[in-house]
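Engineer: This is what each chain is made of:
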Amino acid sequence: MPADHDRPGPAAPEPDQAARMRRRRRRILVPAAWSVYGALYVAIFASRGQSIEALAALIITIAIGIGLAVEMSRPQAQDQRLLGWEHDERHQVIHLHAAAITGYVAAAAALGLGLAEFALGHSSVIWPMNALGGLILAYSVAVAFYSRRL
Amino acid sequence: MSRRLSIPNDVRELRTAKGLSQQQLGAELGVSRQTINAIEQGRYAPSLPLAIRIARYFGRSVEEIFHAS
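Top line first, the protein sequences correspond to chains A and B. According to my numbering, the first sequence is numbered sequentially starting from 1. According to my numbering, the second sequence is numbered sequentially starting from 1.
To be clear, the hints were calculated from the coordinates, so they are not data collected in a lab. Please read all numbers here as calculations on a predicted model, not as lab measurements. Do not rely on the hints blindly, as some may be mistaken.
What the hints assert, rightly or not - Cβ pair distances, simulated, as ranges:
| # | chain 1 | residue 1 | chain 2 | residue 2 | range |
| --- | --- | --- | --- | --- | --- |
| 1 | A | Ile64 | B | Arg33 | 50 to 60 Å |
| 2 | B | Gln24 | A | Ile64 | 49 to 59 Å |
| 3 | B | Lys18 | A | Leu115 | 51 to 61 Å |
| 4 | A | Val143 | B | Pro49 | 37 to 47 Å |
| 5 | A | Ile59 | B | Gln41 | 21 to 31 Å |
| 6 | A | Leu150 | B | Gln41 | 23 to 33 Å |
| 7 | A | Ser47 | B | Gln24 | 48 to 58 Å |
| 8 | B | Lys18 | A | Ala39 | 52 to 62 Å |
Glycine included, each C-beta is placed from N, C-alpha and C at the ideal position.
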């Protein structure tokens, strides 16, 4: 049986080129997504007539947007295709650990806030528990995804 | 989380014997100077691909450079 993967299609990009395109898309998409998110805050503040808050949101959005754009496009001496923290494998491990701790902190915060909401009875909707449920769901999906992939 | 492995190795000796700085070796291997430093101090266990790159760079086997503690 002929191996299909031995015959690259005419439009198939080289692996390096595909990786470069993927990273280029991310370089643009991440700061753009942040800018849209920040712009929503600015627009909502402005629509409520809160001009000082709108200005503060605008400044914060621009500052973080510039930071993201710089970080995502920072040229690397070793490999131009890589972005900031992808620079080397140890940095990747460091960021994975930091992401895991962030997840634990988020889950602990949701648990604590859920209990506080329940104890104080401020509202009938226990949104921290919903947030915790969302985190558990996201974690389960991620585990399932990587279990198949790795 | 992860196991904290201490991996004694000869990377520092091999690097200095070649007259390379950590920065230069990192550039050769495609990792940062900090990573080379962490490997030399045994604080960071490199991935298998990186361990093989290091071994090939110095013309040794992985076992000759990295010693199980």
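Engineer: Each hint should be assessed against the structure and marked as holding or not.
Structural biologist: Results of checking the hints against the structure:
1. Separated by about 28 Å at the C-beta atoms, Ile64 of chain A and Arg33 of chain B break the suggested range of 50 to 60 Å.
2. The beta-carbon spacing between Gln24 of chain B and Ile64 of chain A, approximately 35 Å, falls outside the hinted interval of 49 to 59 Å.
3. For the pair Lys18 of chain B and Leu115 of chain A, the supplied restraint of 51 to 61 Å holds, since their beta-carbon distance comes to about 59 Å.
4. Between Val143 of chain A and Pro49 of chain B the CB atoms are about 24 Å apart, so this pair departs from the stated range of 37 to 47 Å.
5. Restraint check, Ile59 of chain A to Gln41 of chain B: a C-beta distance of roughly 42 Å breaks the suggested window 21 to 31 Å.
6. For the pair Leu150 of chain A and Gln41 of chain B, the supplied restraint of 23 to 33 Å holds, since their beta-carbon distance comes to about 29 Å.
7. For the hinted restraint 48 to 58 Å between Ser47 of chain A and Gln24 of chain B, the CB-CB distance of approximately 56 Å keeps it satisfied.
8. For the hinted restraint 52 to 62 Å between Lys18 of chain B and Ala39 of chain A, the CB-CB distance of approximately 53 Å keeps it satisfied.
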